[in-house]
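Q: Listed in order, the protein sequences are those of chains X and B. Take the first sequence: its position 17, counted from the start at 1, is 17 in the working numbering, and no numbers get skipped. Take the second sequence: its position 502, counted from the start at 1, is 502 in the working numbering, and no numbers get skipped.
Some clues are possibly wrong.
Per label pair, the in silico range of CB-to-CB distance [as the list claims (entries may be wrong)]: (1) B:70 x X:102: 21 to 27 Å; (2) X:102 x B:77: 58 to 64 Å; (3) B:590 x X:69: 40 to 46 Å.
Calculated from the structure, these hints are not laboratory results. Quick caveat, the model's predicted, so the values are computed rather than measured. Backbone N, C-alpha and C fix where the C-beta goes; we use that ideal spot for every residue, glycine too.
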Amino acid sequence: MPVAVPIEHVLALAGLLFLLGLIGVLVRRNVMFLLMSLEVMMNAAGLAFVAAGARWGAPDGQIMFMFILALAAAEVAVALGIVVQLARRFESLDVDNADEMYG
Amino acid sequence: MSGMDLLWLVPAAPLVGFLILFVLHDYLPKTVAAVVGAGSVGVSALAALLVGIDYYEAGAEPTWQLLWTWMSVAGFDPAIRLYLDGLSLAMTGVITGVGFLIHVYATGYMWNDHEEPEGFARFFAYMNLFVFAMLMLVLGDNLLVLFLGWEGVGLCSYLLIGFYHQDPANGYAARKAFVVTRVGDTFMALGLFLMFRELGTIEIQESLTLANAQWSGGDTTMALIIGLLLLGGAVGKSAQVPLQTWLPDAMAGPTPVSALIHAATMVTAGVYLIARMHDIFLISPEAQLAVAVVGLVTLFIASFTALVQTDIKRVLAFSTMSQIGYMFFALGVGAWSAAIFHLMTHAFFKALLFLSAGSVILALHHEQDIFKMGGLWRKLPIPFASMLIGSICLAALPFTSGFFSKDVIMLTAFEHESHGLVFWGGAAIAAFMTALYTTRMMIVVFFGGQRTEAHDSSRLNMWGPLLVLCALSLLGGWFGFGVVAGVLPDGGLSEFSHFSPVAIITMLMPFLGIFVGWLVFGRRIIDVEALAASKAGNALKRFFFGGWGFDWLYDNAVVRPVMWAARINKGDIVDWIYRITVAVTRGAHHVGSLTQSGRLRWYAANMAFGLALFFLIVLGVIG
């Protein structure tokens, strides 16, 4: 019988991961790191789902994680296209270069 | 088919002519424009003739022709309906008949126009629109259609006075005419509103019946107010004192325009209005007296002013003013039919005078100063003969058309119950003055030494109408007022003895005027120049010349203060409210657009910030 990890710990870890990811999104200018930070944030959300599912013994949490995986895959497909475009047009991966749409 | 069914064609033909000319005016050759322009009015005149014959054969009963319902809103459903009775038939006859002759004449007069060579079709478009509007005015069966025509003729008057738009002075004259008549129109509109409120209908015949039923014999205050308001409108349109100042300036338009609009038809709309609404004036004798006084004052002032004018068209303009004064005077003293009769004969001889003056002006290459003319009778026999005929009709020599109509007016005035002698005396002096200024004009223009070369190049389309108008002017008196009998309360002309002292003096007045005119301007027994150069004479001459100071008065009392206020308020104070609104909106837009930096991370940070705020609120930490 494995020792159950208290749910508070798991949620605290998920919150920490989410915060780390958010800080990454806000402070990194390189689009690759931006996407990686987004991935961390999504996995933090996934972790929270799985932990909650385990806590109530329901399969919903794991099903939600499947959706998040699918979402992450779709996001990567689109985001890589954007990365390629960014590299071609601005010859750098700095997202702040692409600030022409404003006002 | 009954001829009466053609009534709709009378106004429709000029309208179609206007639409064709207005839409295609750049593409139509001059010949086609002339045929369409004059032809449409010709068709209208022909239709009016058939309608007229039918009307009398059917026993001269007033009839209607319903065209369509204009609108229908909550029991208010004015119809476009034409009303035919003796009065509207007489007006229609004058408008289409004289109008047709003037249109034909204008095809010659405007052919080689020096100022607006491209404006030939445009000119006829406006003229046709005018004829249409004027016909709607006299044929309309309710006050709304009447008002539509009333404003329509005002618009055409404006367009045609300012026809030579290259010269700013003409535009000024056009605006002046428009604004001054608008003052009268405002009174008239108020009068019509009041009638609608008091009587609840805008059908003319119905409202007059109701007015008689409601006010007759009782409290006539409302009839007096409405009568005075209508008189205000009539005064503006017909250039009577105190709204007469626009008419002399309106001579800036081409001469056929002066003949059609500012002599024969539009300026008589006021007379028509009062005649049409005569029940109101019969209910309120005070209002009718006001009409007589306005007429008498105008005819007096205008005939003195005409005596000192130097521009041939201005002489005729003041003469028109004073003749319309006679018509108002006639309405005021109760000679209803005589007023319409005089309207008709005046349309004949004044159109004749204007058109022959036009021929003289054209022959002298647009010279209008009578003192630069002189000795033209040999060179221009046809204009001379027609102007002579027009003049004797204007002066009302016996057996000309002007004599028949004016005689009745004067003799009816003499029998006026309270002011007979004053009215008759004033009118008699004005008749003397009329003959005097007419003689002066004829002598200065056609006799004496020739001062300017003249080339008469008029063809059939110009002297033809002159001859027809000559015949009408001379013989028009003989067909009498049969035309207007029955619609107006005096039921035709009461018979007067032509051998009473008053009648003989009335008849002799024009002869006296002509004789004095001949002595002064022909034989020169008085040195007019020396008299005019003396101090008192000069002051008097300038006073008369300026139209008795009315222009000066209005300039200082109205035009200058308004211009001054306009200059002060150039920035428009009221506009500031809207300018502030615009500034606030713009500022908010700038602040808002600052948040849209285009930076992805800035948006993400805002989202995170908002989310954090949301959580804090949910957790109850803030708010």
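Q: It remains to establish, for every hint, whether it holds in the given structure.
A: Hint-by-hint comparison with the structure:
{"no.": "1", "hint": "B:70 x X:102: 21 to 27 Å", "verdict": "56 Å, violated"}
{"no.": "2", "hint": "X:102 x B:77: 58 to 64 Å", "verdict": "60 Å, holds"}
{"no.": "3", "hint": "B:590 x X:69: 40 to 46 Å", "verdict": "45 Å, holds"}
Against the hints set out earlier in the document, a violation occurs for number 1 only.
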